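Colleague: For the sequence shown, our numbering begins at 1 and goes up steadily by one.
There may be inaccurate statements among the hints.
Across the chosen pairs, the derived CB separations fall in these ranges [what the hints assert, rightly or not]:
| id | residue 1 | residue 2 | range |
| --- | --- | --- | --- |
| 1 | ASN103 | ASP82 | 32 to 42 Å |
| 2 | GLY89 | ILE204 | 20 to 30 Å |
| 3 | ARG142 | ASP200 | 33 to 43 Å |
| 4 | ASP83 | PRO181 | 45 to 55 Å |
| 5 | ASP200 | GLU163 | 21 to 31 Å |
| 6 | ASP200 | ASP80 | 40 to 50 Å |
| 7 | ALA119 | SER157 | 24 to 34 Å |
Honestly, the hints are just simulated from the structure, not real lab data. Note that the structure is predicted; figures quoted are calculated from it, not measured. Where a beta carbon is used, it is the ideal one built from N, C-alpha and C, also for glycine.
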Amino acid sequence: MCRTSLANDDRDAGSSDHSTIPWGNLMRVRHHHPSNRRAPMRIGALVAALALTLAACGDTDDALDEPDADGTEDTGDMDDMDDMDEEAGYDFDAQSGSASFANLADGDTVTSPVMVEMAWDGVDIEPAGEPAVGEAHLHIMRDIPCVDAGEIIPGPSEETAEEGYIHFGDGSTQGELELEPGTYELCIQLADGVHRAFGDTETISITVE
Numbered sequence: 001m002c003r004t005s006l007a008n009d010d011r012d013a014g015s016s017d018h019s020t021i022p023w024g025n026l027m028r029v030r031h032h033h034p035s036n037r038r039a040p041m042r043i044g045a046l047v048a049a050l051a052l053t054l055a056a057c058g059d060t061d062d063a064l065d066e067p068d069a070d071g072t073e074d075t076g077d078m079d080d081m082d083d084m085d086e087e088a089g090y091d092f093d094a095q096s097g098s099a100s101f102a103n104l105a106d107g108d109t110v111t112s113p114v115m116v117e118m119a120w121d122g123v124d125i126e127p128a129g130e131p132a133v134g135e136a137h138l139h140i141m142r143d144i145p146c147v148d149a150g151e152i153i154p155g156p157s158e159e160t161a162e163e164g165y166i167h168f169g170d171g172s173t174q175g176e177l178e179l180e181p182g183t184y185e186l187c188i189q190l191a192d193g194v195h196r197a198f199g200d201t202e203t204i205s206i207t208v209e
């Protein structure tokens, strides 16, 4: 059996930057070969056994680590999530709703920090957590498109926030964006408790002076 180490994020429902679902990220394990040459036959046998083990694991590891067309790794998370939905009696396909900007319109010129007030319809806004039909939280994507329905919105983490995925996992419906002068495209999107996107979105362009 091939073993893979999993690293889980901690959930902090009180912070929109760190409201996370515990889900594993695949970690590579480095094998350090011993430098002791006093028993070359034994070491040779160990290396041969290791080679056979790695060969047996290779197909599985390649399947886990092979990037999709968009550069992300296919780890089978969606299949696992479908199984968890079924066990929990949660019907993701029943989710519907929409998100929009309440105080910003396409073409607006604003100053930083940019106050963003969000509007929604068809759901109750709740912190990220156990998914339930009719509940969602909000996300804003900065200079990147909203994700396809059914896909997991990357993050939340400092790295994904820098990439433009801004989570409001604490259930917030407004916030301030610190933006340098320039033109930005913003997309607002709903997601369920495990950051799985759904519903109608709105995309606008704003200019920060």
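Colleague: Looking only at beta-carbon atoms, does the pair ASN103, ASP82 fall within the given range of 32 to 42 Å?
Modeller: With Cβ atoms ~37 Å apart, the hint holds.
Colleague: Do ASP200 and ASP80 keep their Cβ atoms within the hinted range of 40 to 50 Å?
Modeller: violated, 27 Å
Colleague: Just tell me: holds or violated, for the beta carbon distance of ARG142 and ASP200 against 33 to 43 Å?
Modeller: violated, 19 Å
Colleague: Do the beta carbons of GLY89 and ILE204 sit within 20 to 30 Å of each other?
Modeller: violated, 37 Å
Colleague: Quick check: does the Cβ-Cβ distance between ALA119 and SER157 fall within 24 to 34 Å?
Modeller: With Cβ atoms ~26 Å apart, the hint holds.
Colleague: Do ASP200 and GLU163 keep their Cβ atoms within the hinted range of 21 to 31 Å?
Modeller: At 23 Å between Cβs, range holds.
Colleague: Does the Cβ-Cβ separation between ASP83 and PRO181 fall within 45 to 55 Å?
Modeller: holds, 47 Å
When each numbered hint is compared with the structure, violations occur for hints 2, 3, 6.
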